[in-house]
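Student: From just these sequences and the hints, can you work out the full model?
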Amino acid sequence: MARYTLQRFVYMIITLFIIATLTFFLMKLLPGSPLQNQEKLTPEQKALILKEYGLDKPVPVQYIQYLGNLLKGDLGVSFQYDNRPVAELISDRIGPSAQLGFQAIVFGTIVGLILGIVAAIRHNHWEDYTATVIAVLGASIPSFVLGGFLQYFIAVKLQWLPVAFWEGFKYTILPTLALSVGVIASIARFMRTEMLEVLSSDYILTARAKGISQAGVIIKHAIRNSLIPVITILGPMTVNLMTGTLVIEKLFAVPGLGEQFVRSIELNDYPVIMGTTLFYSALLILAVFIVDVLYGVVDPRIRLAGGKK
Amino acid sequence: MVEKILQVNDLHISFDIHAGEVQAVRGVTFDLYKGETLAIVGESGSGKSVTSKALMRLLPTPPSRIKQGEILFEGKDLTKLSEKDMQSIRGAKISMIFQDPMTSLNPTMTIGKQIMEAILKHQKLSKDEARKRAIELLQLVGIKNAELRMKQYPHQFSGGMRQRVVIAIALACNPKILIADEPTTALDVTIQAQILELMKDIQKKLGMSIIFITHDLGVVANMADRVAVMYAGKIVEIGTVDEIFYNPKHPYTWGLLASMPSLDHKDTELYSIPGSPPDLLNPPKGDAFAPRNPYALKIDYELEPPMFQVSDTHYAATWLLHEMAPKVEPPAVVRERMKRFADIVARKGGKPRG
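Protein chains in written order, with the numbering used here: chain L, 1 to 309; chain C, 1001 to 1354.
Calculated directly from the structure, the hints in this document are not laboratory data.
Covered stretches of chain L (in silico footprint by chain C; criterion: 3 or more residues with CB under 8 Å from a CB of chain C, positions within the stretch not fixed):
#	segment
1	191 to 205
2	219 to 227
To give an idea of the interface, some chain L residues facing chain C are shown, with a C-beta separation under 7 Å as derived from the structure:
#	residue
3	Ala209
4	Lys210
5	Gly211
6	Ser213
7	Asp299
8	Pro300
9	Arg301
Label pairs and their calculated CB-CB ranges:
#	chain 1	residue 1	chain 2	residue 2	range
10	C	Pro1284	L	Ser200	28 to 36 Å
11	L	Phe9	C	Ser1126	41 to 49 Å
12	L	Lys170	C	Ser1126	47 to 55 Å
13	C	Asp1343	L	Ala215	51 to 59 Å
14	L	Ile14	C	Gln1156	28 to 36 Å
All C-beta atoms in this analysis are idealised placements derived from N, C-alpha and C, irrespective of residue type, glycine included.
Tutor: In structure tokens form, the structure reads like this:
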């Protein structure tokens, strides 16, 4: 297991390095500069500022400098937020984003699993059809469209919940819902397919032949085995959720990382863009790693193949 | 007379599908005696597996349903029991083992847990006692290092070893009846022989009755006391293993015997019964085997033959046994085989078994 983890860690560093490089050069290809909106500044002042931040040097030199700082763990300072370190900006904003993401994935997974399991057990009954319709709708409606609908009907029309902002748990409900619908849809769809397959497998018949009740068979044998492929999609799902939060945070005026990220792109705030991208990437790789480990916990065959030593 | 442990009377099972009603089992009647092995043989789709699953009420309903008939066991009609009552019989009094040991064990549960699950369901034992019992069972089915093996998962076992585990699970509560649905079909020949030996051995020790579903007549000769031959959802011939092998009466049984491969004969080509089994969505009028039967009489296309009695234990459903039917001898290849079976018996100086 230790060797497996170490191997994973090395891959993670390589991946991060590639992402950092790609983002850096992509950013340099973007039109505009951090100073494009500062009409009051004279060209001399602008040149001074660029020199101050090292933006006057050739791109390869900037790249080497950037990597050097990165190795020291220095993500640089922001252009827009009074020279505050990027790391500090991220840690200030991570709270709401993490909370939203966490709530959405937990809620989405639970509801999705229940829908999928019910659909499979009641295969070809109305419960199954209902769950399928929910899954198809959830998968095809983008979270920001749903977010708008929720704001209009539940917050504006019915006035049950606040439209936007971040002032307590009540404010998290609508964005969480908007975010979790995609999760519900994919989990339900996967779980249903898997459960159906597992329920028709021979070992379920063996379990029933032992005299185990229908409920016992489902809880002890079917659900655990259906979870294996579902766990695999949790990785990519986290990506969806992360990109989803960018838009949802903007839509619901949540002071999260995504909202800050979108603004930094609009303002060409290079260090914040870079820092946030790397942060997201690291999170993502971590999520995939956790999924891999979980996979081994649920399926003994993988435990043996992947991490015997 | 030996005690009857199970009686199946006129069992009809149908599957309701979009196209209509598939009559998979169309009136099956047989008795199972205490301590005996009854083999049910037939082609794919003859209804042998459906019959065996119906005994355990393991068929999904819908689409399947028991249309009529009864399954009498310990004074109860199993077709009328509630699901809950059935659960207390399954695995405790009637157990079943399946064809493919590679898929019939849960891949994410240890062997020990899978055996203990059956024990704990039916017996009031503590976990420790159940574990001890599970280890005993593993030793009974010939698995070494039982204690260590308990903690392992199915993928750490070979096919033959897995089938032993499946048998251990089935034996967990000392069942009265063991239904084996082609238990050796998925195994290679040497392992097959070991598993069959094991089953005979255990039957001797525990004295249960076995219903052995197979399409392999070689296995039948080796295992069974009595044989029921099924065709198109009916039993067409039933008798002791000697009667079926030395004195078969039904043309379908002749066909099965003729198409049995064997090492000690000189035929260059293996016989096969022409045609294919009928569509049970619309079963034909008369004898379902008639279109494939070179000895079919006119009446076979009109009226289904009843069971004619050949001896106390031997019955066959063919009009050829009617007193007005022309006398027909089995085909040469079958006669030759009947003779050879008899020779083998003579050589061994006893029954051609084990």
